[in-house]
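Asker: Protein chains in written order, with the numbering used here: chain A, 1 to 260; chain B, 261 to 555.
In short, the hints are calculated from the structure, not lab data. Where a beta carbon is used, it is the ideal one built from N, C-alpha and C, also for glycine. Just to be clear, a hint being listed does not mean it is correct.
[Stated by the list, open to error] Stretches of chain A that chain B covers, calculated by requiring three or more beta carbons in the stretch to come under 8 Å of a beta carbon on chain B:
hint, stretch
1, 186-200
2, 210-216
3, 248-254
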Amino acid sequence: MFAHFLILGEVSLMKIKHVIPIVLSLCLLLTMPTPIISQQTQEQSAWVIMYGRIERFGTDPAYGWCGAYAKVREWARVCAAWFPSGGPQIPEICNFYAAKLVNASIIELDYLGYDFYVEGIWNVYNVTFIYEPGTEPGNYSLTITPVVINGLGTLEIIGNWTSFTIKIETIEEVAGTVVFHAVRLREIPLGDVSGVQVGIPDGEVNIWDLVHAAKAYGSTPGNPLLPNYDFSLDFNFNYEIDIYDLTTIAVNIGKTYETD
Amino acid sequence: MRFIIRIAIIMMFIILLFSGFVVDCTEHSTGVSLTSIYISSLATVYVFPDTIVGAPNQNFTVEIRIKEVNDLYGWEFRLAWNVAVLEVLSVEEGSFLKSGGDTFFTYVINETEGYMIVDCTLLGNIPGVSGNGTLALVLFHVLAFGDSPLDLYDTILVSSLEESIPHEAIDGYYYTSVHDVAIIDVKASKSSINVTVENQGTHTETFNVSVYYTRLTDPLVGTQTVTLEHGINTTLTFAWSPPTYGRYEILAEASIVPGEVDTDDNTYTIIIYIGDTGNLSSGGASVGRYKRMLQ
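Okay, chain B solo, but in the shape it has when bound (with noise of 0.2 Å):
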């Protein structure tokens, strides 16, 4: 009984086998690939790339690209964003679809609700074009903080037999990233120095924060790290005494931290005029502030 059981299935395996083998000569003899027999690929309609992180007033383009299809013919796409956060300067058309001929390409922008309608088509009585490419270029405009989806909806690809493509569309995804810290105000008395320092980006930062005066070349008066949240400023209060009278320049500096680009802000310089008595001149001749740029 065994051994019948054995004999049985050792003949499914080879059944198994040469069925596989016909399958094989099937497509070698049409010259239909593999893939095509057993895996029906679905076009892809997406943004390249599907995440991008910007600043305001920073520009990006976006693509939005096609894989896999066959005999494209015509497209249209509707992309919508956040127009508190992004508006679209322009829009142009990829490469792909002109690579089968001449093309024929339209779009509608509407920048109060935020959407686009792109559309494109070859001319004539021509076949379509097939593989991947970009079928459109967006230019956007960073206006302000925030996120924005890039919602790429009501894709239509359309066949040169004027039939439906089958396909899926992926969205992308805009954010906002900023690193940037600044010393918002400085004041001074005889016997401390009252630093302000503010996190205008997007994440926590900790870094370092220095006063100098200028009378003994650049002195340091202290260093004192701080962390903070974005949107977040505190003042720190560093201890002093000046030496002697005189006019002081005090430097507050702010370490650049990691990938951050506005640095203009990072220092900030006020002058105080210290008299002989230790007092603050209350002649207001030499009280003065201006930002200095960091070498």
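Isolated chain A (complex conformation) (with noise of 0.2 Å):
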């Protein structure tokens, strides 16, 4: 209605030919939608899911796994976990760093220069397993030593999604290579960890992911005995593939999304 008076005014004060591209021009304004309403209602909607290969420590290589989970601008769930110096080094103990992302207090798509961000309230640990060789798998002493409680920090991927770093307060950086990534307006499923090619998710969960965790069924990191254990698999980052694990993915068997 307002356009239409606008149009209408103009009318009186100018020549036809001046009229006739203010007019279409109009029309397409009024037609087009917002550029900067519709990514912020993308963003609004989008579920984000990421899994990375830890590469560096501070300036020192390292070898772990992060895995990001969110719904953007409403929750995020970021877990990482990564041994010092290349990877666990004497067979019998398995010593890493696990950071969780407590409390999300930004959640944002293509935000400052950054593919995705995510900052808030983080904890790190230290964690060391203990196997006692020759004995049952389930044998082994676990020690978890708070490194960081309740430290801000940040997940940034860069680089169009190929690289990630993460930065918490008093650690030094650890950084790596975004190793598989999703973003989509619908509901990404958890869960989809693996498909007919062992490991590689394939967009659906069902029983590739089932049997993929349940092969891992009791392991923990660095046991000597079940050596199946993923960071990818332990959805609730307790460091045991547990039922837990086997009923996240039950629970979304069936689910989909699209892959790339």
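Join the two chains into one complex using the hints; note that each chain is given alone, in its own frame.
Answerer: See the structure below:
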């Protein structure tokens, strides 16, 4: 209504040859969606999943895993675990750092030059499994030492989803390479960890994922008798592939999402 | 020339014969069966029994079975049915996979669209299970007349090496089959009795309809044979002459057709009063209807 009134007003002031382009421009403006609003709408409802390989801790090489699962501007789960010095050195001892996002304050896509950005409060622990050789797989001692409690930190993904950095106050940066990611407007179900090609998500939660987790059932990091532990299967990040992880897959069976 | 050809043919037979022995020797030395050399057996996932016949309000169980499988570690199947005819009451894990160790079994049922997704896997780094057996048992309830595919689809078999196991899937089929005839109405006058019979089953039935009255120890008014397609009813007229005035119980009876379960409605009884003028009582004191159980 307002646009119509404006057009009539301008007709009375301008010559007709000047009016036609203005009318066309206004019509075009009225029919076009606002790019900024559209982008915001997409970001607000977008789901994000990312798996990455940790390769550096500070300036030293490291070996580990990072996973992020989020709904933009609503919630985010980010976990990371890494072995300093490139991985376990002594077969019976498995020592690594584990970082977990406790509370997210910013969860954004395309934010400040980052492809994906999560900011919030983190906890970091030093975790040590000591296995007794020749005993049952479940016979181990576990020590968890807090390194950072409620520390401010970020997950930053850059390079068109190729690399990531985790920055948590008081510890050195953790950096690595993104190995899988998906950003979708519809729900991305948790649990797609494998497919016909073992260990490669295929866009559907099904028996491939369940079998992949089941093969690692009962395993813990560095367990010499159950070596199938994989952080990407440990959905509750309790350092053991257990019934919770199988159930997480089970509740999402049949759900699909588009893969690249 | 003929001799040479004969020699050549004989030599070919001998070569073929010996080559067979070579294979035979190989199989014995390696312990591999002849079947596995010549025929690669394909695992089969199938609905058992493949055809189920039932009736409304009945329950039945189908098994999802597997045969000739090697190293099965995990499986998934989807089963679809007609929601207008069937509903699922329960799904249970079969005995096959759990014979190899602890398992994790889970399922999702979509009652609205009429399908389920069922999954099961062994737990831990252990070998799979081989042979034949039951993967799952599904208990159905029959809601209504009709038929339903038991469509087994998107079946996935996974080995302990997390590899796909080639297989075929065979569907099942359910249909309703009911033999049921009924007398749904009886009307009597001083000269005739009208009996309305209905075929409430799913087959065309041929049966006898008889009418009695009680005044003279159930004397038979008459018997007529009727053939009815399912869902159809008809009214039969029996001529009669009440011997005297008084109360009469009129019993109409349809014979039980083979396979009939619901026989309660095969009889129908009314009570009428014939006045001394030969007319039906208009007082209404003794006109009544009730069904009688057929013993």
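Asker: State for each hint whether it applies.
Answerer: Evaluated hints:
1. 186-200: holds (count 3)
2. 210-216: It holds: at least three residues are needed, and the stretch 210-216 of chain A offers 6 whose Cβ sits within less than 8 Å of chain B.
3. 248-254: With 3 residues closer than 8 Å to chain B, the stretch 248-254 of chain A meets the three-residue bar; holds.
Hint check: no violations occur; every hint is consistent with the structure.
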